[in-house]
Amino acid sequence: MSIEVVRLSRRFDRTPAVDGVSFRIATGELVALLGPSGSGKSTLLRMIAGLEPPDAGDIRLAGKNVTGESPRERNVGFVFQHYALFSHQTVAENIAFGLNVRKVPKDEIRRRVTELLNLVQLKGLENRYPSQISGGQRQRVAVARALAPRPGVLLLDEPFGALDAKVREDLRRWILELHELTRVTTLFVTHDQHEALEIAHRILVMNRGRIEQEGTPREIFDDPATPFVAGFIGENNLIRADVTEPHVARWGPLRFAVNGHPTGRALRVYFRPNDVSVSASEGAGLVRASIVKTRFRGPSLELLLRLGEDRHIVSHVPRDVALPEGGANESVVYVGIRAFHAYEES
Amino acid sequence: MNLSARKMNRRSLPGFGLTMGISMLYLSLIVVIPLSALFFRTFDLTFPEFWKIILSPRVVASFRVTFGASLGAAAVNAACGPLVAWSLVRYEFPGKRILDALVDLPFALPTAIAGITLTTLYAGTGWFGSALLPLGIRVAFTPLGILVALVFTGLPFVVRTVQPVLETLDVEAEEAAASLGAGRWHIVTRIIFPSIRPALLTGFTLAFARALGEYGSVVFISGNMPMKTEITTLLIMTRLEQYDYSGATAIAVTMLIVSFALLLSINLLQARAGRGQ
Amino acid sequence: MIANAGNPLTGDPVVFMPEISPGAIGGRGVKLTEPWIVRAGVIGFSAAFMLVFVCVPLTLVFVKAFEKGASAYVAAITEPDALAAVRLTLLTAGIVVPCNTLFGLAASWAIAKFSFRGKSVLTTVIDLPFTVSPVIAGMVFVLLFGIQGWLGTWLDARNVHILFAPAGIILATMFVTFPFVARELIPVMQKQGTDEEQAAVVLGAGLWRTFADVTFPNIKWALLYGVILCNARAMGEFGAVSVVSGHIRGATNTIPLHAEILYNEYRMNAAFAVASLLAFLAVITLVIKKFAEVKVKDELAVRGNHTAGGR
Chain B
1 MSIEVVRLSR RFDRTPAVDG VSFRIATGEL VALLGPSGSG KSTLLRMIAG
51 LEPPDAGDIR LAGKNVTGES PRERNVGFVF QHYALFSHQT VAENIAFGLN
101 VRKVPKDEIR RRVTELLNLV QLKGLENRYP SQISGGQRQR VAVARALAPR
151 PGVLLLDEPF GALDAKVRED LRRWILELHE LTRVTTLFVT HDQHEALEIA
201 HRILVMNRGR IEQEGTPREI FDDPATPFVA GFIGENNLIR ADVTEPHVAR
251 WGPLRFAVNG HPTGRALRVY FRPNDVSVSA SEGAGLVRAS IVKTRFRGPS
301 LELLLRLGED RHIVSHVPRD VALPEGGANE SVVYVGIRAF HAYEES
Chain Z
1 MNLSARKMNR RSLPGFGLTM GISMLYLSLI VVIPLSALFF RTFDLTFPEF
51 WKIILSPRVV ASFRVTFGAS LGAAAVNAAC GPLVAWSLVR YEFPGKRILD
101 ALVDLPFALP TAIAGITLTT LYAGTGWFGS ALLPLGIRVA FTPLGILVAL
151 VFTGLPFVVR TVQPVLETLD VEAEEAAASL GAGRWHIVTR IIFPSIRPAL
201 LTGFTLAFAR ALGEYGSVVF ISGNMPMKTE ITTLLIMTRL EQYDYSGATA
251 IAVTMLIVSF ALLLSINLLQ ARAGRGQ
Chain H
1 MIANAGNPLT GDPVVFMPEI SPGAIGGRGV KLTEPWIVRA GVIGFSAAFM
51 LVFVCVPLTL VFVKAFEKGA SAYVAAITEP DALAAVRLTL LTAGIVVPCN
101 TLFGLAASWA IAKFSFRGKS VLTTVIDLPF TVSPVIAGMV FVLLFGIQGW
151 LGTWLDARNV HILFAPAGII LATMFVTFPF VARELIPVMQ KQGTDEEQAA
201 VVLGAGLWRT FADVTFPNIK WALLYGVILC NARAMGEFGA VSVVSGHIRG
251 ATNTIPLHAE ILYNEYRMNA AFAVASLLAF LAVITLVIKK FAEVKVKDEL
301 AVRGNHTAGG R
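Residue numbers (the working numbering), protein chains in the order written: chain B, 1 to 346; chain Z, 1 to 277; chain H, 1 to 311.
Please note: incorrect hints may appear among the correct ones.
[Stated by the list, open to error] Pairs of lysine-lysine, DSS-like flavour, derived with a Cα cap of 30 angstroms:
1. H/191 x Z/96
2. Z/96 x H/64
3. Z/96 x H/289
4. H/295 x Z/96
5. Z/96 x H/290
6. H/191 x H/220
7. Z/228 x Z/52
8. H/119 x H/191
Since the hints were derived computationally from the structure, they do not count as laboratory data.
The structure displayed is predicted, hence computed values, not measured ones.
Isolated chain B, as found in the complex (with noise of 0.2 angstroms):
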């Protein structure tokens, strides 16, 4: 079932939560839904599944439109930050739920039911209670109980947020494994970029109520459309860089070629610490620095390096780069930077 959203708008108060979004999902995509705190993406989650009203705007679930449907006649499935399952029902009587309520036949239940345990491997676990399973444990036997009436579309709002980071790492990728099973069309909420980045077929970037930017992980990696997308992907050092002449961009000792930009500009330009190349030796284009501090992170070296008087910048290499004495501090080393985004200040 494909999800598509025209233009839809909540306002709890005076504030918008959700203002004017529109996109489209395809059937069975995987989509991720990546925004900070109060972005709106769960209310947003929670308008497409009919669990809150919107104040304008349309939503339409395979074509239909549904805008006024209780959650029922949508054939969504969800699945709840904290689980929300039924704590005095076992985990059978929870996954066959749904299907009772469709008046779906005894036996035809239970085979599904057996069907969703195997699926979720959770086999074994029919008859205990919620509280005597574990919380990863329970957000499958939450999805298996949203998946059970086979629904059109299934909605995640931040399935993972109340669970161990050991454990969210291995349901993340098991969310994938199940997608290709299944094969429905999938929507997930989340504020965790490395899952959004990680899984998602396409992700929609979200800020205040509005979408920012959407494409795939890579296209938002790379290519981050507005600074606000710049800034919350991946780790980033900001500087502001004047356009001191047509297509220079510039910040202390650092050049940065731009286009488009009226000289006498301020520019807000991100660039990431894996894209500033640190050598010991001269060369085109780099730039005199010393390293202030070095930080051991495992598989990479942080460096702090001082450009100048007093700019800093930060840069991330690989432990086995060839640094001089040994990146011991004040020693001189070289830098570029390989990407970067620029954008003007509004």
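Once you've looked at the hints, dock chains Z and H against the given chain B.
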């Protein structure tokens, strides 16, 4: 915009209309309409008539007795209640669970039963009464008796408001103070007591408000001597029996105003305590 | 608990141990506590306070009730007027408790699961009977239905008797006890939140299925306690009922009123025999309360178990 579909239930869960409907209907029938009868009845009186009733000596005497005894009883409960709550929360001793359950007895026991029991207990021939008589202390049929009965009825209000606060007190604050060298008394008075003060105040006010309107527990032990041990609620009752509806109304409205003022202050206290968290 | 302040020079952990008295037991591990003599004093005082004000009076009821032996006891409670009082009390509770339970469920669902303007007005109105003296509660019904009251002459003409009849007693009792169920349910339902109900709704459940399968199992202990308490108060209501009943022997007396009559006639033994029925009910109420309390705590603890990580 899809206006035709906009008429749908604007809430995520069903049943709002039905439950609000039932609640409003019930409240109107059982509470609002009867109370408005009182409200409108008040307007039958003119101001001078109202004041004449309220300021008559017998009524004023009853206010004095009722107010004084209620205040005294609430104060006793406010002093002793926290100690009981403290024992129940912080200490272990045999019979603790039974004692904990019994704190609610004044709440669950019918007021009339409490009334006749306390009177029998504190009368000159009763278990306690006969023990106190040689000491020259009379409890039954004196204002002291009223106070004792009101201590009984108000007991759960203070203990049960303070107890949950003590249970969820942050032990780490005490440990931090101890590690910084504070003595136990210092910790109790400077750290623990301020935390329970709002709850204590709330419990005191609840006990006080409740005591003002108490009837069954008090009407037996007080002796009901006009001007001396007659409580206001009994006065209202007598007026009603004499079909003096106006008199009863005037006195009742005065009591209600005081009760509402107390209820308001409780709500304000709780709101302030909530913000101070 | 150990406060782990690192020594800034060497980086070694520094350990502070709080003052622990021997005999500090219970609860959450090591506790700070008072010297044993203070503890003994406070416990002793609390026990004495409770003994004097609660335990002894309770015991007195039963002692006085059985003072003249079992047969006198039985005779007192099976006397025709006593039986009539018991019947009226049961009738009253039988109508009042279910109605108040229905109201309580409806009101707590509306308050706990939705947000709407005027919610605090609703909760204040629900708390009203707590602030109104029972005598005043009875009085408003007199004002409404009495001869000089609003509806008095109108009803009298149709030979409908509210005052000095069971109907008045039932209405007055309903007024005084209606908050009990709602007050027990509302905090519990608010703490439980709405996630489970929302999950049920998305899975296709309507109001009744959601309530029966999801909400009710979660609130059943709080509901039990609310109903039991409402029942105890309904059976034991005195002030309000006194005003509206007319004290007609054998017809409009509930158990507390009947006990009062016996007491005023100096038939102490009989009075306490009748009173002991309600005292017994009060004790059962307390037992059920303790039981339900533990269960409710378990409920909330289970729910708070969100962060059980790992497989």
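Okay, the hints, checked on the actual structure:
1. Proximity of residue 191 of chain H to residue 96 of chain Z is assessed by CA-CA distance (about 28 angstroms); at most 30 angstroms being required, the pair is judged to hold.
2. Using a Cα cut-off of 30 angstroms, the hinted pair residue 96 of chain Z and residue 64 of chain H holds, with the two alpha carbons roughly 27 angstroms apart.
3. Using a Cα cut-off of 30 angstroms, the hinted pair residue 96 of chain Z and residue 289 of chain H holds, with the two alpha carbons roughly 15 angstroms apart.
4. Between the alpha carbons of residue 295 of chain H and residue 96 of chain Z the distance comes to roughly 19 angstroms, so the proposed pair stays at or under 30 angstroms and holds.
5. Only pairs whose Cα atoms come within 30 angstroms are accepted, and residue 96 of chain Z paired with residue 290 of chain H is accepted, the gap being roughly 12 angstroms.
6. Taking the CA atoms of residue 191 of chain H and residue 220 of chain H, the gap is about 14 angstroms. The hint holds against a cut of 30 angstroms.
7. With a C-alpha separation of about 20 angstroms, the suggested pairing of residue 228 of chain Z with residue 52 of chain Z holds against the 30 angstroms cut-off.
8. A C-alpha spacing of about 17 angstroms is found between residue 119 of chain H and residue 191 of chain H, which places the hinted pair at or below 30 angstroms, so the restraint holds.
Against the hints set out earlier in the document, no violation occurs for any number.
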